[in-house]
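Visitor: Could you build the full structure based on these sequences and the hints that come with them?
Residue strings, one per chain:
Protein chains: 2
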Amino acid sequence: MGNYVNLKEKAYDIIKNKIINLDFQPGEYLEEKKLGELLEISRTPIREALSRLENEMWVKNMPRKGIFVTEVDEHLLNDIFEVRIHFEPAVLEIAFSNLSSVKLQLFKSRFEAYENCDQSERDKLDNDFHLYIFNSVDNIFVKNMLNTTFEHLVRVRRLSFDKKSKERIAESNKEHIEIINLILSGKKEESVKAFRNHLEKSYKYYLEILF
Amino acid sequence: MGNYVNLKEKAYDIIKNKIINLDFQPGEYLEEKKLGELLEISRTPIREALSRLENEMWVKNMPRKGIFVTEVDEHLLNDIFEVRIHFEPAVLEIAFSNLSSVKLQLFKSRFEAYENCDQSERDKLDNDFHLYIFNSVDNIFVKNMLNTTFEHLVRVRRLSFDKKSKERIAESNKEHIEIINLILSGKKEESVKAFRNHLEKSYKYYLEILF
Chain E
1 MGNYVNLKEK AYDIIKNKII NLDFQPGEYL EEKKLGELLE ISRTPIREAL SRLENEMWVK
61 NMPRKGIFVT EVDEHLLNDI FEVRIHFEPA VLEIAFSNLS SVKLQLFKSR FEAYENCDQS
121 ERDKLDNDFH LYIFNSVDNI FVKNMLNTTF EHLVRVRRLS FDKKSKERIA ESNKEHIEII
181 NLILSGKKEE SVKAFRNHLE KSYKYYLEIL F
Chain R
1 MGNYVNLKEK AYDIIKNKII NLDFQPGEYL EEKKLGELLE ISRTPIREAL SRLENEMWVK
61 NMPRKGIFVT EVDEHLLNDI FEVRIHFEPA VLEIAFSNLS SVKLQLFKSR FEAYENCDQS
121 ERDKLDNDFH LYIFNSVDNI FVKNMLNTTF EHLVRVRRLS FDKKSKERIA ESNKEHIEII
181 NLILSGKKEE SVKAFRNHLE KSYKYYLEIL F
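These protein sequences, in sequence, are chains E and R.
Start counting the first sequence at 1; every next residue gets the next number (the working numbering).
Start counting the second sequence at 1; every next residue gets the next number (the working numbering).
Be aware that a few hints might be false.
Same chains, same label: a pair holds when it works inside one copy or across any pair of copies.
[Stated by the list, open to error] Computed list of lysine-lysine pairs in DSSO-like fashion (alpha-carbon distance at most 30 Å, straight line):
| # | residue 1 | residue 2 |
| --- | --- | --- |
| 1 | Lys163 | Lys201 |
| 2 | Lys143 | Lys65 |
| 3 | Lys201 | Lys103 |
| 4 | Lys143 | Lys188 |
| 5 | Lys166 | Lys204 |
| 6 | Lys65 | Lys124 |
| 7 | Lys18 | Lys143 |
| 8 | Lys60 | Lys10 |
| 9 | Lys143 | Lys60 |
| 10 | Lys174 | Lys33 |
| 11 | Lys34 | Lys187 |
The hints are simulated quantities; they were obtained by calculation from the structure and are not laboratory data.
Guide: Dropping the structure here:
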């Protein structure tokens with residue numbers, strides 16, 4: 001019985017990661033029995049993991065049909081970016097004085113050198129930067145709060161992997177560099193505003209390429 | 001085994017509510033075995049419930065000492081109000097156009113008539129108003145995100161129940177009425193600003209009376 005928690009956590013982690021990494025595609029039917037066989041985990045911990053995944057919008061239980069991976073539709077994208085546009089700049093505001101100029105300089109160089117990256121490296125850089133801002137806030141509620149939204153964003157990024165234009169990537173890098181420059185020169189308000197602008201542009205762009 | 005999830009949820013809900021309602025006091029030692037007897041629930045679901053409560057800052061596991069209810073200290077109060085001051089106004093901004101003027105008028109009358117309430121009714125009114133703003137946002141991430149913070153606030157309110165001055169209560173009611181008036185007259189930016197001011201004042205006041 002002591003191992004039970006671990007099995008549930010394990011099932012939760014594996015299934016979630018498969019959804020984020022698109023091994024389980026949006027809209028895909030997930031059969032409990034097959035999941036159990038695949039993960040070699042019994043049905044009860046699988047069912048509990050699925051119920052948690054449903055709370056976090058990774059799967060949807062359709063009455064009399066079964067459990068499906070959620071689609072990334074306009075509604076979900078709106079929910080993700082509503083949180084990002086309103087809350088990430090607030091997080092930057094809170095974290096502002098905790099940010100390390102050494103680390104920011106490092107991010108800046110990486111964004112400047114992005115043309116040498118392949119796209120998955122570049123996506124990782126983007127994630128790393130936003131996660132760095134989050135994790136600079138020493139507030140347990142904020143951390144708990146933003147994690148799920150961010151993981152959903154990672155799935156959105158993967159879904160748009162082949163659809164992003166070089167122009168938008170270049171522009172997005174410029175926006176990141178601008179934000180970093182503003183932080184480095186101590187301009188809190190301006191950096192928060194630029195961060196918000198960047199997120200609004202990203203939202204518009206994802207709407208364009210995904211739907 | 002099917003009942004197992006329910007037992008864990010039940011233990012989680014009961015223990016959390018006892019902490020919020022101060023039946024379990026800040027700093028109190030919680031013995032797993034006694035909790036099990038009190039709730040008539042076996043040890044494993046109790047332990048899982050406690051682990052979730054630890055993630056949400058309701059209890060703290062001290063190595064070699066056991067599990068204790070978290071104290072409401074300056075650090076926790078800071079975490080709660082950091083979230084409130086930065087995120088609740090953002091929520092108002094998102095929810096703005098979903099708010100019903102009928103309901104707002106109703107809240108306004110209740111705040112105006114607060115002198116006829118006893119203090120627990122008045123605290124409930126305050127909670128109801130803030131929850132109404134939250135729940136007007138049709139965004140699953142936002143809802144999941146703010147719940148825990150709000151429940152912590154309810155505990156803070158109970159702890160300061162006997163310490164609040166009539167002056168602060170009167171002032172706080174005025175602030176609520178001002179916010180409602182601004183919303184009713186369609187002044188989004190001003191209402192967001194007034195909401196933020198109100199939260200900053202509350203934070204200062206709780207700091208004063210609690211520590």
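Visitor: Of the numbered hints stated earlier in the document, which are not met by this structure?
Guide: Result: hints 6, 10, 11 break, sorted rising.
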